[in-house]
Structure formats: structure tokens, C-alpha cells
Amino acid sequence: MNQSRSASLIDARILVPAIGDAFRKLDPRSLARNPVMFVVAVVSLLTTVVLVRDAVSGAAGLGFSLQLVLWLWFTVLFANFAEAVAEGRGKAQAESLRRTRSETQAKLLSDGGGYTMTPGSSLRVGDLVLVEAGDIIPSDGEVIAGVASVNEAAITGESAPVIRESGGDRSAVTGGTQVLSDWIRVRITAPAGSTFIDRMIALVEGAERQKTPNEIALNILLAGMSLIFLMAVVTIPGFASYAGGHVPVIVLVALFVTLIPTTIGALLSAIGIAGMDRLVRFNVLAMSGRAVEAAGDVDTLLLDKTGTITLGNRQASEFRPVEGVSERELADAAQLASLADETPEGRSIVVLAKEKYGLRGRDMASLHATFAPFTAQTRMSGVDLDGSSIRKGAVDAVLKHVALAAHGGPDAGNPQARADSVRALQAIADDIARAGGTPLAVVRDGRLLGVIYLKDIVKGGIRERFAELRRMGIRTVMITGDNPMTAAAIAAEAGVDDFLAQATPENKLQLIRDEQAKGKLVAMCGDGANDAPALAQADVGVAMNTGTVAAREAGNMVDLDSDPTKLIEIVEIGKQLLMTRGALTTFSIANDVAKYFAIIPAMFLAFYPQLGALNVMGLATPQSAILSAIIFNALIIVALIPLSLKGVKYRAAGAGALLSRNLLVYGLGGVIAPFIGIKLIDMAVTAIGLA
Amino acid sequence: MTINGWIQILVFVGIVVALVKPLGGYLTRVLNGERTILSVALGPLERGLYRIAGVNEREEQHWTTYAATMLFFNLAGFAMLYLIQRLQGELPFNPQGFGPVEATSAFNTAVSFMTNTNWQGYAGETTMSYLTQMAGLTVQNFVSAATGVAIAAALIRGFARASGKTVGNFWVDLTRVTLYVLLPVCIVGSLVLVWQGVPQNLNPYAVVTTVEGARQTIAQGPVASQMMIKHLGTNGGGFFNANAAHPFENPNALTNLIHMTSIFAIGAALTNVFGRMVGNEKKGWAIFIAMGVLFLAGVAVTCWAEAAGNPLLHAVGLEGGNMEGKETRFGVAVSALFAVVTTAASCGAVIAMHASFMPLGGMVAMLNMMLGEIIIGGVGAGFYGVILFVIVAIFVAGLMVGRTPEYLGKKIEAKEVKMAMLAVLCLPLAILGFTSVAVVIPAGLSSLAHAGPHGFSEALYAYTSGAANNGSAFAGLSANTPWYNITIGLAMLMGRFMVIVPALAIAGSLAAKKSVPASSGTLPTTGPLFVGLLVGVILVVGGLTFFPALALGPVVEHLAMLKGQMF
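If you're matching them up, the sequences are chains G and H in order.
Here my numbering is used: position 170 in the first sequence is 170, and no number is missing along the way.
Converting from the second sequence to my numbering requires adding 1000 to each position, the first position being numbered 1.
FYI, nobody ran anything at the bench for these hints, they're computed from the structure.
One or more hints might be untrue.
[What the hints assert, rightly or not] Quick look at which bits of chain H chain G covers, simulated, 3 or more residues with Cβ under 8 Å: (1) 1395 to 1403; (2) 1483 to 1493; (3) 1518 to 1531; (4) 1547 to 1558.
[To be verified] Straight line, CA to CA, 35 Å or less: simulated DSBU-like cross-link-like pairs of lysine-lysine: (5) G:K520 x G:K107; (6) H:K1514 x H:K1282; (7) G:K356 x G:K455; (8) H:K1282 x H:K1165; (9) H:K1563 x G:K518; (10) H:K1415 x H:K1282; (11) G:K211 x H:K1021; (12) G:K679 x G:K649; (13) G:K520 x G:K679; (14) H:K1282 x G:K518; (15) H:K1514 x G:K649; (16) G:K649 x H:K1418; (17) H:K1418 x G:K520; (18) G:K211 x H:K1514; (19) H:K1021 x H:K1282; (20) G:K211 x H:K1418; (21) H:K1282 x H:K1418; (22) H:K1418 x G:K459.
[To be verified] Distance windows between CB atoms, simulated: (23) G:Q210 x H:M1080: 50 to 58 Å; (24) G:L45 x H:L1075: 27 to 35 Å; (25) H:N1032 x G:R434: 44 to 52 Å; (26) H:M1080 x G:L45: 51 to 59 Å; (27) G:L45 x H:W1304: 46 to 54 Å; (28) G:L45 x H:P1100: 30 to 38 Å; (29) H:A1518 x G:T306: 27 to 35 Å.
Only a predicted model underlies this, so the values are computations on that prediction, with no experimental measurement involved.
Just so you know, even glycine gets a beta-carbon here, dropped at the ideal spot from N, CA and C.
Put together the whole structure using the sequences plus the hints.
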């Protein structure tokens, strides 16, 4: 399911079965889903009956009628083909997913503590199973005990194993994935047949595809247009008979079919399927087409700071000692305190000390040092060596530590000096926070040395992305647990429009509600169980695949790569889907002008030769004109299949710029293109001698 | 085209544009129920009327109630007008002693005036008593116009409100528009017309002996009072059969200018009311300019065609523009201008015979109506008509900016599209449907005065005029037959109510929606791009349907004329 597996547009494995599907989709039940093409099929059938009747009665001009009838059927088949091609790409993906759904044996835990081997398909929600190294996880569930590395390549295409553990935000496991090491106990959360992979298969296959609200509205417009043109065409026999002429039924049908919006009608469902498919190839699963549409409408993006706007890890960038302490002394203590600290922050302190002061890494063992790891209680880490203790940690935690130690410390007899150094330290810390950094205080034996400046590294290019979003009219809001001062600095550096500091699940939810009350659509991503309410409230909620079951259930999209930056691409894909629909609708309607100029003079020439003046394209004969128009009408569907699958080119620009460009290309282009196309086909048709 | 002709056109356009803002401001106050300068005098009268009718003016209506009230009121108006016509022989103010109007003609006329069409299958001065003219026809002239403005106001409120349940109170809208706008303007205007020589009396027709010794009956009556509302309310139903070509209806260039200006005044100002109510006058101007582009294009084509004249007459030495069917006191340019104004604005008054226009000139008149009377349009009707096209345009183009479509912060969704398409559909249905039957059955064919494409145009024009609620006649067609009375009557009903009810449904649906704040990602709905888009959609969605019909009527007639053949 990764990008490399995406099928190209001209893949024989998709095109060949699609031809067969195009005929299978002639089933009226399937056609009825698409009002425009259903109407084309009905009139094609009507003309076929007329043709057979004429053949039996031996009427003249059968060759021309036969060609028209054939092209009418081609129109329907091309539409079916477009849909089949779009579905074909999903089917290929579904096929590979299905292979992972092979029957598994689950180790069903009994109350006594042992387990019995049970077929995976017989598991029920709430059952507890044991999954050990090498086992396939039998169904979706939540880890309730243990930790294991899991290969999720079956769904993400990513072969590097991921860690799944009980508690926390990485507790969801997916049926069909494999445990590589260790063991976990899993509570089953999905009944057989409706697991995540089952839903994925249904989604990519398009089996569950329901028309989205916008598609329904567009279908109404297209049906309305068809009715209007039906009135235009069925009244022609009356007009013609007044003028003393007669227009054959087949010519009326040809006019009707060319006028109604067959191009968009034929490609509409392909566009929708392709939009979902683009997301799938992006490793994002949309639970409904509605969510994809909503993505295009998003006004406000809530983005987590860490991982989306900044690199996940902060890095030490400076040592700032308090007065009376040298930078080197502080660096030395900081390095010692971090030697055994394997967090990225800790490592970056060691690296900075080495780069700036040439302090080499020392060996803990040779120093007789013991590591004091970070705990939730102390919120500090450090070392104890030779009776001396060094600690580093959040400023308030370190100050608390100093206050407690004050009774026995070196400054114990000098409260004034201690108060001064506390004030100095706080001043430095505030400076750093204002600049968007995280201050980490360092203390040695109760004496405050100074502050390590941990800097958030804003991702390269993110500022430009936000500028693009702003041009598209989308407001970005950074969500962070940092204090407002730090948040403001990073927000300014990254160029987001707003931020929510010291975010809690509650104020996140409130922010979404406030935006929505202003009529805005909000998108966000999240993974934790406490994100679930916000994910459910957001119009577009992208749950990370690594997240909890609750988050995955609450969101309307799942990002298999768990990359929060993707929210931006998701919005773009949503917009592209809507733009493609609009562009092809405009093109389809604009085409009508040329088609009138081809068919109307041809139709009435027999009794009003003056109307030959309207034959501005100089089409050879009335027959060739009508045939060329219907051929153009059918071929344009095929010609636009690639566009409908790929989507129109998307650029981040304001609505005005997008509209003028698309109106020029698809509106004006839609008026001009058929004049040229019909003329060329007419020349070909005449040259071959078809009419 | 003479310099004088161009100047008259420019003066007219200048006056209309200048009126948009002040009249728009006044109308906004009236429709918002605010105090106006006339409140001192009319306020007590207004409140008295509510009390008599038992209307609580503070209670607003859901769109369904609003629509039901409007339909009930119109039905009552129809019934009353029908009865007055049928009983006029027994009623007073009938100095000529006219008998009851024939049943199908009375049906047609009642529908016609109730729907603001004012199609006249009858000849006024030989059919209608003064009572019918005053208490029947003129009353409907007022209330049908007020109904149109009320519907437009309800639709505007739909856009202006967020998460609301109601769209206004029909009784209040109807009363306030009539009382504060139509009546005052008409009273003043009628006095000016009287000053300019338009009769206003209840005398029997004058019988005089001409200088040649022949006896002539000169029709007269309460003409001036009907003239002002006929134009201001875009009704168009003349007192006389010759309509505004008659010197008693429209004696000179000044009265003609007053007539033309009042035809456009309210329709043009409503775009400004819209802009004011939604909080951005530019939104209104964008629509006004789109209308203006279509109007000026029509004027240009018609003036060019009429000024160029008939090449076949030129060939036999009769130089000059086409003066057939035109009044010498108006001339080619003003006659052409009036024809475009009256058909663009759903008025239907005429100062020249449209049948005698050059084929392309006549085609512009027809096309104006076929587009749905949305170029300024009938009072109110033009506005809600153009909004339907705005909805279609926004829906298609809005997608192209990558958002689900929205206009003025309101999402355009399935319900709005459905209602807009339903309304757009009614014109092809009524115009093409009835015409295609009329041109094949004897009852339809026997009324045509000409053969060939011109005869076809006569029938096509009649149904177009009816369905679009215009009311102007192409002349030539003998329309006062049961077939035409009934079918044109039905076309008028379809063209009116199949648009009004969907428009109110849209109003209700929009009012209930939340309003989405605009951003740079929102489709711009002011500026040339939007204007161009709207004009394009109006022509393609509204106009293309009629291409075959127009090809078989005026287009083929024009092409034949160029080849030396007349019909």
C-alpha cells in the first residue's frame, strides 16, 4: 500500500479487466446509479430498436444509423470503462490486503490463565488473546498487557517494526499484522468481518461507496440540465413539421445525447473513486467520501507543534550560566549530567559541550558515577559522583530541589545570595522561553549553575507551506503544551496564524467548537485517547495509525504512516477532487455551443437551406456533421479519463486566481476545443468515407 | 443611428444608474420595517390596515407559511378579477355599456394581471369597463408588483440571515411596498403624466366629426393613473390596445423617458437592496453590472439591426432604418431601446410593434424573455430570477476553486440546486412545450397571421411572453381564442409560480444555514470575473435551450432576408 505500489494509468492489469467490467456495468441496476448515463443507455436502446425496425422494413441510410447507434453505445461503455478503471486500481490494492486476511489461529485466554487455540474468525468482542513472537494478531484490539514489536507492513507497506504496548497512546493493534518479538495480551475490539483491514478492503474497492453530498447536488444539476435539453429536443419534431420538414428520431437522439452533460456524467464517479484512491496511495484512509469533500472545505487547521511544525526533538543550543559561574563550568556539569541520558535532548547537550568547549565524552564507569534517571516525581535527571550530585531538569523542578536542599547546602548560611541566584536563573529562563526555547536548569550540590537553552527546531520549508495555506484561505493554529511565551515565539518563527498554548484535551475541544460556531470547518489530527472527543468533533479528524483504538474510531480518516504533516496534503487532495469535478462540469456544459453549431444546421438543412450559414465549422455533409459530433462526444470521455483520475493540476493560490485559470482552461477551452475536435473528426470521417 | 438616438440612450442609462443607490436605500428601509420620511403620514394608515386585517406585523413567517399566504392572496386576487370581468355589465362605471368578458379571455386576463404578466388578448378600449380597469386591473398591477418585491425581499433575507427560521411576513411586505413605494411614486408620476397630456377622467368616449366629415370615436378614461403603475410595476398592460404607442398613453419624449425609467427603477434598485442587506453593496453592483452587460449587448444589436433597416427596401430605393410599425415621434433608436427595456424588464408595454422589427431585433426581444427576465427583470421577479442563475453559476464555478460552493457565506447544496433547476426548467417546458403543440394543431395555426418562420415567431413569442411574465405581444397573432387564452394562461401560471415557490424554498433553506466567513479561499463574487461567469452561465444555461427554436424563427428569417426572401 505504499506509494511505489500505486498503479500507473496505463497498466494492462487494470485496463484489460476494465474492458470486461465496462460491459458488465450495462446492468440497469448499476446504470441507474448515474442518471445521465442511464438516460443515454435508454435512448441508445430506443435507437437500437428503431434501427432493427428499419432494417427489417428495409429503409435507406442504414449505414449512417448503424454508426450513430454504435457510437451511442460506445458513449455508455466509455463511461462504464472510466468507472471500471478507477475501481480497478482500488481492486488491485484490495487483493493484496485480502491475502493478509488468511485464517489465523488465536490463543484465546481463559480465566484460569491458560489458553486454547481458537480460529480467529470465531473471536468475539471483549475476548482476550495472547499473541507471541511470530504470531499473526487475529483481529483488531487493544493491548492490555505487555509490549511487542509488530510488523505492520500489511497495512502500511512500511517494513520497519513498530512498538505496541499497553497503556499510553500506542495500544491499538490491527488484525493481520505480525508480532515480531516479545508478547502482548490483546482485548479484541472488532468482531470478525468488520476489522480495520475488512473496512480498508471495502473502502478501496469502492464497495461501500456512497454518493457524497456534493456529488448528489451535482447529479441533481446534471439531471436538471438533461431535462432542460430534453425539452429542447422533444419539441423539435413539432417545429420541424410546421416548417414542412421531418427530423429522424436517430438524429434527435444524437442531438440530445451530445447536449446533455455526458462528459461529466460519465466521469463523475471515476473522479470520486480516484480521489479516495489518491488518499489511499498517500497511506491515508478516508472512512467516507464525505470526509474527503470536507477536507477541501477546511478553514482552520489545528496542527500539533511537535512533529508537525518542529522536529520532534529539541536540541541544546547554548549554555547560559548565572553570574559567578563560567560557561565552561556550566557546560562541564551539564555534560556530566547528560552522559547517561539517552534522550535526544540529553545527547544534544553532550554534542554541544563537545563542539563548543571541546569537552570529550567521559566514561561513566571510570568516573565512578551513578546515573540518576528521570522520574515523574523529581522531573530531573543527573549523576552522583564522588559525593557530588549534579541535576538538570525543568526550572521549577530544579528550584524546588534547591529549596529542599538549602538546609544543608553551601549557601545555606546565605539566603541573600541564594535568592539572588534564583532570581538570576529565573531571568535567564524567562528570556529563553520568550525566544521560544525550553530552559533546562542545572544545579550542582545545591548551587545553581545556569540554564541550558533547548531549542525547538522548526522544520525546513514549513513556513512556506503555511504561507501557501494562507493564500488558500486556510488558517493554521498551532497546538502545544508549552507555555504561552514559548508558544508565541515558535508560532512567530513558523509563521502560523494562531496558537493554543498549554493545550489540554478540553481547551482543544473548546477551540474546535468555537471555530465551528463561527461557521468554519476544522481539521485536526491526533493519536491519544484524550484526543478522541476533539477528533470526533472536528470536521476532518485524522487519527494516527499508531494511536489508540478510541482515536481511530473517533477520526474520519486514518493516517497509516502516522505523519501529522499530512493534514496539509489531505486538504489539498480534497480541494483537487472538488476542482476536478467543477472543471469537467464546466467543460461539459461549455462543449454544447459547438455541438449546436454542428448539428442544428445539419438537422434543418433539408427544409431551410439558409441555415447552412450556421455551419461555421464547414463540416462536409449533414451526416458527417452529426456523426462527428457524436464521435467527439464519446471520445472526449476517454480522452479525459486520465485527467479525472489524476485530478486537475492543483496550485496553492487564492480562489480568484484559481477560478480565472480554471475558467480560462475549462470554460473557454471547453467552448473552443469541440469546434476544433469536431472539425478534425469530420475531416477524418469524410476521408475514410464513413459519411 | 443618429447622435440624438445615442444621447437618448445614454441619458436613460445615466438616470437608471443614478437611481440605484438612493432608491435602493429607501427600499431597504421600507423592507426592513424601518421609519421612512413618509412614516409620519402613512404610519397610522399602515397600522390601521394591519388592525383591520388582523395581522400581527411583528410576527414573521416560515417560508412555507409565506408561500402559502402569497398563493392564497394571489388566488383571491385572481377570483376577484375574474368575477369583475364577468359581471362588469351589471356593475357601475361602465359608460360604454360593455357586456361580460368572454370566459376564456377573462381567465386569461385574470391570470395575466395576477402574475404581473399583463398579456392582453383583448383590446382594452372595446372590452373593459372603467370599473374593471380601475378596481380590477389596476389593483392587480399594484399587488402583483408588490408580490414580486416581497418574494425578492424574502430571498434576500435568506442570504442575510444566519440560522433563522423565518423569511419575513408576506402581509407586511405587501403592505409596505404598496404603501411606501408604489402608491406615492404613482400619485406623483400620474400628475406629471396628466400635465403632459395623458387623460384622466371617467367620461364616455368622445364622438367627434373629423375635418373630412367622418365620425370618429375617441376612447379616453382613467388613463394616467394606470400608466404609472403599468411601468413602475413592470406590468405593461395598456389602457388602449396600441399600448404605449398610443398618444394618450405616451404623448411625447418626456413621458416616454418617464415610462422607461420607471420600468427599470425598482428592479435595478433591488440589486442595491440586496447589497445593503447582505452587508456589501459591491455584491449588488456585481449583479447589476452583469445585467447591464446583457442589456447593453441587446440594445446594441437591436439598434444596429433597426438602424440598418431592410436591405430589400434599400434595393428598391427606400433608404434608412426600419420604421415599419414605429411611431415617428419616437424614431428608430428610442423604439429599439424601449423594445429592449420592456422585454428585458418583463414589462411588456410597447411603443412599437415588435413583429415589424428586423428579424434580429425581434430575436433580441425574445431572447431577453427566454433568459428568464433577469436583465433587471420584473420588479422582484428579475432579482429572484437572476439569483437562481447565480446559484447555478456559483455551484459549477465554486467547485473549481476547490471548495464546496458557497455564496455570501451560505453553502449551496443539493436543495438549493434542486430548486434552482426546477425554476430554470419551467421556461423551456412552457415556452417550447406549448409552441411545439401550437404550431401543429389547427387551433394554434389558425391564429397565425403569417406563414413560414415569421408565423412561427408569432407563436413562439406569444408563449415566451406569457411564460416569462412579460406580456408584450409580437402582434400578428390573433390571441383571443380559447386555445391561446387557456394555454398562454397556463404558461403564465407556470412561469410565475414555478419560479416563486422554489425561490421561497431556497430563501427558507438559506436562512436556516450557518454563515461561513469569507477568506481568500472563497470564490470572489464581486469584480469582472464573477460578472463574466454569471453572464456566461445565463447565456449557456438559460439561452442555449432555445437555440433550435430561434434558429427556426428569427435566425432563418434573417438569413432568408439576406438572400432576398421575405415572409
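Now for the hints, and whether the structure bears them out:
1. 1395 to 1403: That given contact holds, which follows from 9 residues of the region 1395 to 1403 of chain H lying within Cβ reach (below 8 Å) of chain G.
2. 1483 to 1493: This one is violated; 0 residues, fewer than the three required, reach chain G with a Cβ under 8 Å.
3. 1518 to 1531: holds (count 8)
4. 1547 to 1558: holds (count 7)
5. G:K520 x G:K107: violated, 48 Å
6. H:K1514 x H:K1282: With Cα atoms ~22 Å apart, H:K1514 and H:K1282 stay inside 35 Å; holds.
7. G:K356 x G:K455: Cα-Cα ~16 Å, so holds.
8. H:K1282 x H:K1165: holds, 27 Å
9. H:K1563 x G:K518: Violated: H:K1563 and G:K518 sit about 65 Å apart, past 35 Å.
10. H:K1415 x H:K1282: Holds, at roughly 27 Å.
11. G:K211 x H:K1021: violated, 45 Å
12. G:K679 x G:K649: holds, 28 Å
13. G:K520 x G:K679: Given that 35 Å is the threshold and the Cα spacing comes to 48 Å, the pair is violated.
14. H:K1282 x G:K518: holds, 23 Å
15. H:K1514 x G:K649: Satisfied, since the Cα-Cα distance of roughly 31 Å is no more than 35 Å.
16. G:K649 x H:K1418: holds, 30 Å
17. H:K1418 x G:K520: Roughly 25 Å between the alpha carbons, so the hint for H:K1418 and G:K520 holds.
18. G:K211 x H:K1514: Cα-Cα ~23 Å, so holds.
19. H:K1021 x H:K1282: This hinted pair holds, its Cα atoms lying about 11 Å apart.
20. G:K211 x H:K1418: Roughly 16 Å separates the two Cα atoms, so the pair holds.
21. H:K1282 x H:K1418: Holds. H:K1282 to H:K1418 sits at ~27 Å (cutoff 35 Å).
22. H:K1418 x G:K459: violated, 47 Å
23. G:Q210 x H:M1080: 50 to 58 Å: Hint holds: Cβ distance 52 Å, inside 50 to 58 Å.
24. G:L45 x H:L1075: 27 to 35 Å: With a Cβ separation near 44 Å, G:L45 and H:L1075 fall outside 27 to 35 Å, so the hint is violated.
25. H:N1032 x G:R434: 44 to 52 Å: Holds - the Cβ-Cβ distance for H:N1032 and G:R434, about 51 Å, lies within 44 to 52 Å.
26. H:M1080 x G:L45: 51 to 59 Å: Holds - the Cβ-Cβ distance for H:M1080 and G:L45, about 52 Å, lies within 51 to 59 Å.
27. G:L45 x H:W1304: 46 to 54 Å: holds, 48 Å
28. G:L45 x H:P1100: 30 to 38 Å: violated, 54 Å
29. H:A1518 x G:T306: 27 to 35 Å: holds, 32 Å
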